[in-house]
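Enquirer: Listed here are the chains, written in short residue letters.
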Amino acid sequence: MADRLQGQDKETDWSRWMAAAQEGDRAAYERLLKDCLPFLRSIASRYHRTADRREDVVQDILLTLHRVRHTYDPARPFTHWLATIASRRSIDALRRRGRTEKTEIFDDQAYETFSDPEANREMSVRDETPALQAAIATLPDGQREAVELLKLRELSLIEASQQTGKSVSALKVNMHRALKALRAQLKGD
Amino acid sequence: MSPSTEQLIAQIAAGAEPVKRLRPPLLRALFWLIGVAAMGAIVIPFFADFTLFAAKTRDPKFVIELAGTLLTGVAAVIAAFELSVPDRSPAWAWLPLPPLILWLGSSGYNCWRDWITLGDQGWQFGESAACFGTIVGFSLPLGVALIIFLARAKPLAPVPVAALGGLGVAGLAAFFLEFNHPIDASFLDLGWHAAAIGIVIAASSLWGRWRQANWRHE
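Chains as they are written, first to last, in our numbering: chain Z, 14 to 202; chain V, 30 to 247.
Be aware that a few hints might be false.
Stated by the list, open to error - Within a straight-line C-alpha distance of at most 30 Å, the following computed DSS-like cross-link-like pairs (lysine-lysine) qualify: (1) V:Lys85 x Z:Lys47; (2) Z:Lys193 x Z:Lys164; (3) V:Lys183 x V:Lys49; (4) V:Lys183 x Z:Lys23; (5) Z:Lys115 x V:Lys183; (6) Z:Lys23 x V:Lys49; (7) Z:Lys47 x Z:Lys23; (8) Z:Lys200 x Z:Lys185; (9) Z:Lys164 x Z:Lys185; (10) Z:Lys164 x Z:Lys179; (11) Z:Lys164 x Z:Lys200; (12) V:Lys90 x Z:Lys47; (13) Z:Lys193 x Z:Lys179.
Read the hints as simulated data drawn from the structure, not as lab findings. Predicted model, so just to flag it, every value in this text is computed and none were measured.
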């Protein structure tokens, strides 16, 4: 009984404050928005579990309420008007999320795969197409060595020179010829 | 309260200018319908064949069809206005259904009757192409005027609002069409009418979808 009376009081207050806000009373508007925040959160949490997402939706509801505040008729219940906006925007947010998830994928290996060079190298070796691997295998020894060191293992020219004992310019020439040969071979396929 | 929500509330409240309260949707719908009636009173005499129309009204089935057309238009427009504001029941969307059944049922029956009476002629093109043009032609300005009115409410679910608005303007356009329409409607005529109404509803719904996709906060 006491709860119902309190609810009725709240409804009357909210309705009065909203009517005042429509006439430009900023203090009443701020009081109203702060006071109805727990109510909005309770509606948003029916559709959104995580606190972050729920808060995003609550903010969206507040902006929507502000945008359509001219549609409130003080002769009608405020809570119903507010609850409809809150549910509607919560559902819209769910739909938006569904659409985003349909076009985007969550890759839990993205960090290791693409940000860490070592992991990247490992993945790219696995991802290489058999055609490219076969083409590299047909290259003369010097050219194949240049591709493996400079492109697959991503060594610098100086590092590759130190490892093989070949000059930097010899490695450059081998790399250039290897790329030309691979390009011609893969184009021909 | 998280600081960002608190800041947002302070920001919203600080920028809150007085707003002009929207009138009740039924009243707005009536204003719009009165405007359309006034436009009809000016435009209809230019193309109407009142002798033909008077002859047709002697047939009670035509009068039922006419009433169904007009009532569908009026009911769909009222439903669109009601649903354009947040706190109205979604059941308003069903308001145009009974007159729509009456309209389609009586049109279908009239076509069937003509098919029996006229034989194969019942399947021939009547004034189909002209009817199609008239319905789409009338619906266009009515639709634009309706969208301007409905957009004032910034509907949260613009697609059903737009689809009902489309049905409303198509119904009213079909009603105007009856003032200069040959009595022997064929199934193909009915098909053309349905196609025209479908196009108007689809075009309005597209506007609704666009509106929904571009729902922006001020």
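Enquirer: If a hint holds in the structure, say so; if it doesn't, say that too.
Expert: Each hint tested on the structure:
no. : hint                : verdict
1   : V:Lys85 x Z:Lys47   : violated, 63 Å
2   : Z:Lys193 x Z:Lys164 : holds, 14 Å
3   : V:Lys183 x V:Lys49  : holds, 14 Å
4   : V:Lys183 x Z:Lys23  : holds, 27 Å
5   : Z:Lys115 x V:Lys183 : holds, 28 Å
6   : Z:Lys23 x V:Lys49   : holds, 24 Å
7   : Z:Lys47 x Z:Lys23   : holds, 13 Å
8   : Z:Lys200 x Z:Lys185 : holds, 22 Å
9   : Z:Lys164 x Z:Lys185 : holds, 12 Å
10  : Z:Lys164 x Z:Lys179 : holds, 17 Å
11  : Z:Lys164 x Z:Lys200 : holds, 19 Å
12  : V:Lys90 x Z:Lys47   : violated, 60 Å
13  : Z:Lys193 x Z:Lys179 : holds, 20 Å
Violated hints, in rising order: 1, 12; the structure is consistent with all others.
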